[in-house]
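Enquirer: Here's the letter readout for the chains.
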Amino acid sequence: TQLLEQSPQFLSIQEGENLTVYCNSSSVFSSLQWYRQEPGEGPVLLVTVVTGGEVKKLKRLTFQFGDARKDSSLHITAAQPGDTGLYLCAASMDSSYKLIFGSGTRLLVRP
Amino acid sequence: KAGVTQTPRYLIKTRGQQVTLSCSPISGHRSVSWYQQTPGQGLQFLFEYFSETQRNKGNFPGRFSGRQFSNSRSEMNVSTLELGDSALYLCASSLDRTFSYNEQFFGPGTRLTVL
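Those protein sequences? They're chains A and B, same order as listed. Residues in the first sequence are numbered consecutively from 482, following our numbering. Residues in the second sequence are numbered consecutively from 1001, following our numbering.
Everything labelled a hint here was simulated from the structure, so no lab data went into it. We put the beta carbon where it would ideally sit given N, CA and C, even for glycine. Any given hint could be a false lead.
[Said to hold, decoys possible] Label-pair restraints from in silico Cβ distances:
no., chain 1, residue 1, chain 2, residue 2, range
1, B, S1051, A, K538, 30 to 38 Å
2, B, F1060, A, R587, 20 to 28 Å
3, B, S1070, A, Q495, 50 to 58 Å
4, A, K538, B, A1002, 24 to 32 Å
5, B, T1014, A, H556, 44 to 52 Å
6, B, G1058, A, E486, 14 to 22 Å
7, B, R1009, A, L484, 29 to 37 Å
8, A, R587, B, A1002, 25 to 33 Å
9, B, T1020, A, P562, 35 to 43 Å
10, A, P562, B, P1061, 38 to 46 Å
[As the list claims (entries may be wrong)] From the structure, some residues in chain B lie toward chain A, with a derived Cβ separation under 8 Å:
no., residue
11, G1040
12, F1045
13, E1048
14, N1056
15, F1060
16, N1102
17, E1103
18, Q1104
19, G1107
20, P1108
21, G1109
22, L1112
[As the list claims (entries may be wrong)] Some chain A residues near chain B, calculated using beta-carbon distances under 8 Å:
no., residue
23, S507
24, S512
25, Q514
26, L580
27, F582
28, G585
This is chain A alone, in the form it adopts within the complex:
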């Protein structure tokens, strides 16, 4: 059973469209991070959210942490081909330095 459920698994959209990716769990997290990974490379950290209800913006990307710190969403406005990649959410739980990763959302933005 996946502790962190990401949806959708795959997303293929046209340039200029908006999209939202979800990361859900029944567990409460100390913090949650979003990464983007390109083929053959390691994940690149996009953002960390710590406080329930927190919203962070990174250019066209908006990240939200749920009030109960059990879920998060990533919204991309006016997607561009450069946004193509694997988006991963990862969470820290309890007093552990271990990161638990979601299964990922593979995004393809067509020109």
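With chain A held as given, fit chain B onto it using these hints.
Expert: For chain B alone, coordinates are given in the frame of chain A:
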């Protein structure tokens, strides 16, 4: 500031052999974690080292081991390789500020293929 570096980037081994992968963390980062990434299982935590001590361990067999040196550089070793060990092995370092703000920065990974 230089990022996390991993060597080698690509490795081909045969079943039964052993392999050692190396990771140099970002300067000043004292915590190093290792992950295995496969298409079927995604990213799975292997272990984490801090000040030369293994602080956390994932659910992997004893064939997977690691260590950290006094300069925070880390190595992981896989003995008696199996076909299923083929994966991208990722190393990540963090400042170890607090577990509630565990930002990890990843290297490019080592692609291991077991034939």
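Enquirer: Next, verify each hint and record whether it holds.
Expert: Hints and how they fare:
1. Look at B/S1051 against A/K538: about 36 Å separates their beta carbons, and that is inside 30 to 38 Å.
2. Taken as a hint, the range 20 to 28 Å holds for the pair B/F1060 and A/R587, whose Cβ atoms sit roughly 25 Å apart.
3. Evaluation of the 50 to 58 Å hint for B/S1070 and A/Q495 yields a pass: the beta carbon distance comes to about 53 Å.
4. Taking the beta carbon of each, A/K538 and B/A1002 are about 28 Å apart, inside 24 to 32 Å as hinted.
5. Roughly 46 Å separates the CB atoms of B/T1014 and A/H556, a value that falls within the hinted 44 to 52 Å.
6. Under the hint 14 to 22 Å, the C-beta atoms of B/G1058 and A/E486, about 19 Å apart, fit the expected range.
7. Range check, B/R1009 to A/L484: Cβ separation about 30 Å, and the 29 to 37 Å hint holds.
8. Our hint of 25 to 33 Å for A/R587 and B/A1002 holds, since their Cβ atoms are close to 29 Å apart.
9. Look at B/T1020 against A/P562: about 39 Å separates their beta carbons, and that is inside 35 to 43 Å.
10. Roughly 41 Å separates the CB atoms of A/P562 and B/P1061, a value that falls within the hinted 38 to 46 Å.
11. Given hint, B/G1040 at the interface with chain A, is violated; its Cβ is 10 Å from that chain's nearest Cβ, farther than 8 Å.
12. About 5 Å separates the beta-carbon of B/F1045 from the nearest beta-carbon of chain A, less than 8 Å, and the hint is met.
13. Using the Cβ-Cβ criterion of 8 Å, the hint placing B/E1048 at the interface with chain A is satisfied: the shortest such distance is roughly 5 Å.
14. Below 8 Å, beta-carbon pairs count as interface contacts, and B/N1056 has one with chain A at about 5 Å; its hint therefore holds.
15. Proximity of B/F1060 to chain A is violated relative to the hint, the smallest CB-CB distance being about 12 Å (cut-off 8 Å).
16. Against a cut-off of 8 Å between C-beta atoms, the interface hint on B/N1102 holds, since the closest Cβ of chain A lies about 4 Å away.
17. Taken as an interface hint, B/E1103 checks out: its beta carbon lies about 5 Å from the nearest beta carbon of chain A, inside 8 Å.
18. A distance limit of 8 Å between C-beta atoms decides the matter here; for B/Q1104 the minimum to chain A is near 6 Å, and the interface restraint holds.
19. This hint holds: B/G1107 has a C-beta 5 Å from the nearest C-beta of chain A, less than the 8 Å allowed.
20. The beta carbon of B/P1108 comes within 5 Å of a beta carbon in chain A, closer than 8 Å, and the hint placing it at the interface holds.
21. At a threshold of 8 Å, the smallest CB-CB gap from B/G1109 to chain A is about 5 Å, leaving the interface hint in force.
22. Of the supplied interface hints, the one on B/L1112 is violated, with its beta-carbon coming no nearer than about 13 Å to a beta-carbon of chain A, more than 8 Å.
23. Restraint check, A/S507 versus chain B: the minimum CB separation of about 18 Å is more than 8 Å; hint violated.
24. Checking A/S512 against chain B by beta carbon gives a least distance of about 6 Å; that is within 8 Å, so the hint holds.
25. Nearest Cβ of chain B to the Cβ of A/Q514: about 7 Å, under the 8 Å cut. The hint holds.
26. Given hint, A/L580 at the interface with chain B, holds; its Cβ is 6 Å from that chain's nearest Cβ, closer than 8 Å.
27. About 4 Å separates the beta-carbon of A/F582 from the nearest beta-carbon of chain B, less than 8 Å, and the hint is met.
28. At a threshold of 8 Å, the smallest CB-CB gap from A/G585 to chain B is about 6 Å, leaving the interface hint in force.
When the structure is compared with the earlier hints, violations turn up for hints 11, 15, 22, 23 and for no others.
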